[in-house]
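For this one, chain A is given, so just place chain B on it according to the hints.
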Amino acid sequence: MATQARVEQRPAAKGTILVVMVGLGIAFLFFMAFLNVVKSGDLLSEANLLYAALIFYGGAASFYLGFGITGTPAHIRFASLATWAGLLANTGAVAHRWYEAGHPPFASIYEMLLSFVWTLAVLTLIAEKKYRVKVIGTVTMPVAIVGVVLMQLLRTDVRPLVPALQSTWLHVHVTLAMLAYAACALSFALAMMFLIQDKMKTETFLAATSLFTAAIYASLLTRFEKWGGLSVVAWSAEERSEVFISKGMRLFVVIPDLGWLMCVVLAAVAAPLVLYCLWRKTHNDGYLLLAHRMVFVSILLQALALIFFVLRTRDGHYYSLDADGQFATSLAASPFILSGLVGGIFVSLLYLLLLWRRSDLEHMLPSADDLDRITYKTIAIAFPLLTLMIAAGAYWANRTWGSYWSWDPKETWAAITWLVYAGYLHMRITRGWRGRRAAYFAILGFAVVMFTFFGVTYLLPGMHSYA
Amino acid sequence: MAASLPRKIWQTLGGIKTGVILLILTVILSAAGTVILQRPTTDADEIQRAYSPQMLRLLDAVGLTDVFHAWWFVLLLSLVSLSVVTASVQRFPNAWRFFARPYKSPEEAFRKALPTHKLMRIKDKEAALRVAERVLHKTGFRTERIVRENSFSLFAERNRISEMAVYVVHASLLLIFLGGIIDAEFGWRAFLSLNRGEQASQVQLPNGGKHQLAFAIRCDSAGQENYSDGTPKRWWSNLAVLQDGQELLHKQIVVNDPLVYRGVRFYQASYGLTGKLDRLVLTAVARNGSHIRDVAIGPGEIASLDSDTTVRLADFIPDYVVEDGRVYARSNELVNPAAHLVVESKKSSQAINVWLPPIPGLEQNAYSPYTFEGKNIQMAYFTGLEVSHEPGQWAVWAGVVLMGFGLAVVFYLVHSRIWVVPVRDARGQLQLWIGGAANKNKDAFEQCFDDVAKAIECEIKTLESGVEVPAALLSAN
Numbered sequence: 000m001a002t003q004a005r006v007e008q009r010p011a012a013k014g015t016i017l018v019v020m021v022g023l024g025i026a027f028l029f030f031m032a033f034l035n036v037v038k039s040g041d042l043l044s045e046a047n048l049l050y051a052a053l054i055f056y057g058g059a060a061s062f063y064l065g066f067g068i069t070g071t072p073a074h075i076r077f078a079s080l081a082t083w084a085g086l087l088a089n090t091g092a093v094a095h096r097w098y099e100a101g102h103p104p105f106a107s108i109y110e111m112l113l114s115f116v117w118t119l120a121v122l123t124l125i126a127e128k129k130y131r132v133k134v135i136g137t138v139t140m141p142v143a144i145v146g147v148v149l150m151q152l153l154r155t156d157v158r159p160l161v162p163a164l165q166s167t168w169l170h171v172h173v174t175l176a177m178l179a180y181a182a183c184a185l186s187f188a189l190a191m192m193f194l195i196q197d198k199m200k201t202e203t204f205l206a207a208t209s210l211f212t213a214a215i216y217a218s219l220l221t222r223f224e225k226w227g228g229l230s231v232v233a234w235s236a237e238e239r240s241e242v243f244i245s246k247g248m249r250l251f252v253v254i255p256d257l258g259w260l261m262c263v264v265l266a267a268v269a270a271p272l273v274l275y276c277l278w279r280k281t282h283n284d285g286y287l288l289l290a291h292r293m294v295f296v297s298i299l300l301q302a303l304a305l306i307f308f309v310l311r312t313r314d315g316h317y318y319s320l321d322a323d324g325q326f327a328t329s330l331a332a333s334p335f336i337l338s339g340l341v342g343g344i345f346v347s348l349l350y351l352l353l354l355w356r357r358s359d360l361e362h363m364l365p366s367a368d369d370l371d372r373i374t375y376k377t378i379a380i381a382f383p384l385l386t387l388m389i390a391a392g393a394y395w396a397n398r399t400w401g402s403y404w405s406w407d408p409k410e411t412w413a414a415i416t417w418l419v420y421a422g423y424l425h426m427r428i429t430r431g432w433r434g435r436r437a438a439y440f441a442i443l444g445f446a447v448v449m450f451t452f453f454g455v456t457y458l459l460p461g462m463h464s465y466a
Numbered sequence: 000m001a002a003s004l005p006r007k008i009w010q011t012l013g014g015i016k017t018g019v020i021l022l023i024l025t026v027i028l029s030a031a032g033t034v035i036l037q038r039p040t041t042d043a044d045e046i047q048r049a050y051s052p053q054m055l056r057l058l059d060a061v062g063l064t065d066v067f068h069a070w071w072f073v074l075l076l077s078l079v080s081l082s083v084v085t086a087s088v089q090r091f092p093n094a095w096r097f098f099a100r101p102y103k104s105p106e107e108a109f110r111k112a113l114p115t116h117k118l119m120r121i122k123d124k125e126a127a128l129r130v131a132e133r134v135l136h137k138t139g140f141r142t143e144r145i146v147r148e149n150s151f152s153l154f155a156e157r158n159r160i161s162e163m164a165v166y167v168v169h170a171s172l173l174l175i176f177l178g179g180i181i182d183a184e185f186g187w188r189a190f191l192s193l194n195r196g197e198q199a200s201q202v203q204l205p206n207g208g209k210h211q212l213a214f215a216i217r218c219d220s221a222g223q224e225n226y227s228d229g230t231p232k233r234w235w236s237n238l239a240v241l242q243d244g245q246e247l248l249h250k251q252i253v254v255n256d257p258l259v260y261r262g263v264r265f266y267q268a269s270y271g272l273t274g275k276l277d278r279l280v281l282t283a284v285a286r287n288g289s290h291i292r293d294v295a296i297g298p299g300e301i302a303s304l305d306s307d308t309t310v311r312l313a314d315f316i317p318d319y320v321v322e323d324g325r326v327y328a329r330s331n332e333l334v335n336p337a338a339h340l341v342v343e344s345k346k347s348s349q350a351i352n353v354w355l356p357p358i359p360g361l362e363q364n365a366y367s368p369y370t371f372e373g374k375n376i377q378m379a380y381f382t383g384l385e386v387s388h389e390p391g392q393w394a395v396w397a398g399v400v401l402m403g404f405g406l407a408v409v410f411y412l413v414h415s416r417i418w419v420v421p422v423r424d425a426r427g428q429l430q431l432w433i434g435g436a437a438n439k440n441k442d443a444f445e446q447c448f449d450d451v452a453k454a455i456e457c458e459i460k461t462l463e464s465g466v467e468v469p470a471a472l473l474s475a476n
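One line per chain: the protein sequences are A and B, in this order.
Under numbering that gives the first Met the number 0, the first residue of the first sequence is numbered 0, with each subsequent residue one higher.
Under numbering that gives the first Met the number 0, the first residue of the second sequence is numbered 0, with each subsequent residue one higher.
Looking at chain A on its own, in the form it has when it is part of the complex (with noise of 0.2 Å):
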């Protein structure tokens, strides 16, 4: 109550304007949908409902985003009316999948994704309403509007369930393990802004910023071929999916030149890193101004990064090493390099959102020790969840693969997530690790968790290859 009087309290200033620019952005583009729907003449299709979604959490997105630089009430209003009407348009979607598969979405990537969109929206909400973390939807939307494009991207089509998925176990399986990830992404979103909260200096970071994107572009580097090449998934137009060589291996071509590009990027990137280094070694500030302003630049090239990327990859032909001709690329046959590259330029970004507003944000969060409670109640939710997810995976896998447990890496993962959760519970409680030691664990614990979730699949080799 207190940080919402606190709120109101500063003056309603240039607020309105935000609010209409936002409200004609989002009728213009409903207009244009209008004109191509009227063409195509299917009103209630399920891409459409995601397309009305995509727009109204992104109208929720530059709501809550104002919400974090103004502070004006009125935003985080219209924000949350706009979030309703995406989670509405949502819903929408969901139901029409599930009618038209004849099961939850939750068979193939694409419709997991629909999910964890769905459910992510729907904690925001709950964070909102109920703990009062305002600007949380600054995080998580954006992270529900990358969800979204990227589903535009991957193959919509209904697949029928392949014998082993065809069981009531999936849907159990799924949705406890789409509410704990939610539950640990929100855990993840609540230290982020106890780390704001608990007056953690700026430099710091700047340096986890620069370390975190670094990691994004080191991995993406380990694509990085001979001549400066980075090589990408080969992508058959006619099926509308990757083109393998044989069982499981996929087939990689190689865009020239693109390698060097994200050099450059990934020097850019850590420049900030190595500048924090050289200030926390000699202390003088001059270091520190440069790493800022390396901020920027790094925002550019990533930028340009992206640009170059989706141009390039996009409906291109090249050659690869594995095997002769040229084989198309597309978009759709590299969603985590997007992602990767989209989620470092939205780090940046937040980075930058936290240099300026540093005092703004403060006064809209609730208090050190709240957050760091809601924290570690949002774990005491996730970690059932969690434990749940794998039982019932494994009395799943006992009546499919004939063992309950056989060391898949999607498998010992989650295994892995259990144990870092485990140690974050052991810490907090018998150690009374609180506030920045523990936050710290969460995140790692979130990192865990988006590795389990994509890394593994797109990674490593294993039975979970339908998901």
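Read the hints as simulated data drawn from the structure, not as lab findings.
Just so you know, these numbers come straight off a predicted model, no measurement behind them.
For glycine and all other residues, C-beta sits at the position ideal for the given N, C-alpha and C.
Mixed in with the good hints, there may be bad ones.
[Stated by the list, open to error] Calculated pairs, BS3-like style, for lysine-lysine (alpha carbon to alpha carbon, straight line, at most 30 Å):
id, chain 1, residue 1, chain 2, residue 2
1, B, Lys441, A, Lys128
2, A, Lys376, B, Lys439
3, A, Lys376, B, Lys137
4, B, Lys453, A, Lys376
5, A, Lys129, B, Lys137
[Said to hold, decoys possible] From chain B, some residues computed to sit far from chain A (all C-beta separations above 10 Å):
id, residue
6, Leu58
7, Asn93
8, Ala199
9, Asn287
10, Glu332
11, Val334
12, His339
Same frame as chain A, now just chain B:
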């Protein structure tokens, strides 16, 4: 010094630091096991291709190509279990004392130190305690009057079991480990491939050996259903369990729904063509036109066409090719089939080779008293069954259920205690001291405590101001 060494080990094992180090080691090594290609799940060639020979030798030597079965990984997991056990044993007595003999009548020192408490003026001890009892009872607390030599007070609590739940969780983890150990020691996995009508009592182990079952399993029929786009929708097999020639059990299994008999489970794993013929249906027409009939024969079977003539299916090739005057099979797929029939006559005891289609140099089709035409080819399918025996799985499931229960209690049930003690302050004024403590979720408890204290205060006030009943009368009631 010598005597203290085991004690030191005991202390170290139970420490949280040891536990965390072991956890981190487990995490790192398991992660390594997902990144490095593992022998049991990867083809030997693929591993050979992925690593250089020296590297592979090194990985094999330290067991990194089979992390989850390496002795050091097993040792690590045992150490984790040992650490859980010691930590639990070390902390248990304290917790048990706390659980079994709750602290019911607070001393003055305790009362002073407790952060959550409230004092209110009262006129009568007995009436105040009675009010407190009623309010606490309504809020869901179990209350108890504590009578000591020179004092009496009230103790109320809720969800004491919450103090023990963490041991339940630890025990459940050990139970799961136990199940895993039993299965690693006594369990096995195998594969069994059956054709229709075939039976077997031996299954193929992954290491190439065989495992003898105490009974036989027979596949009566098996099949596949497809979606309209041709991808498989369902595989099924009708299995029968036989012992001493008697059929004991019959079940249709599908993927996700195995047959279980005496702890051995049969799973539908795959389904496909064996490349062998099941039945060939032929239309046989006698040369003199007197006779037309359909015959169905399997490989090697003989069917009679009339009282004198029989036909035998000598060979069936699903995908044939002729080279140097001989017939070879090119593949197991039904692409280009050929059948070799032998038509025999009892009277003349002559055998004529009939080939469908006629293969020059081999066929004697023109001499056969019957002409044949292929009508239907039914290929034999095999059903692939995974077989497993996991005697420890019940411990695992029991552990899982116990863990779910334990975690729910650990996280969502709060052990809260409230003490109500009538005291006298420095000036001898009678007061009611109310104090409370909770083992977690303290902010929510404080809210609850405030509500309870307020309700008690309110009721006491109305009681004492509203109706002027002499204190003696009230207590006499």
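Here's how the hints hold up against the structure:
no. : hint                  : result
1   : B:Lys441 <-> A:Lys128 : holds, 22 Å
2   : A:Lys376 <-> B:Lys439 : holds, 11 Å
3   : A:Lys376 <-> B:Lys137 : holds, 27 Å
4   : B:Lys453 <-> A:Lys376 : holds, 27 Å
5   : A:Lys129 <-> B:Lys137 : holds, 27 Å
6   : Leu58                 : holds, 16 Å
7   : Asn93                 : holds, 13 Å
8   : Ala199                : holds, 17 Å
9   : Asn287                : holds, 53 Å
10  : Glu332                : holds, 18 Å
11  : Val334                : holds, 22 Å
12  : His339                : holds, 36 Å
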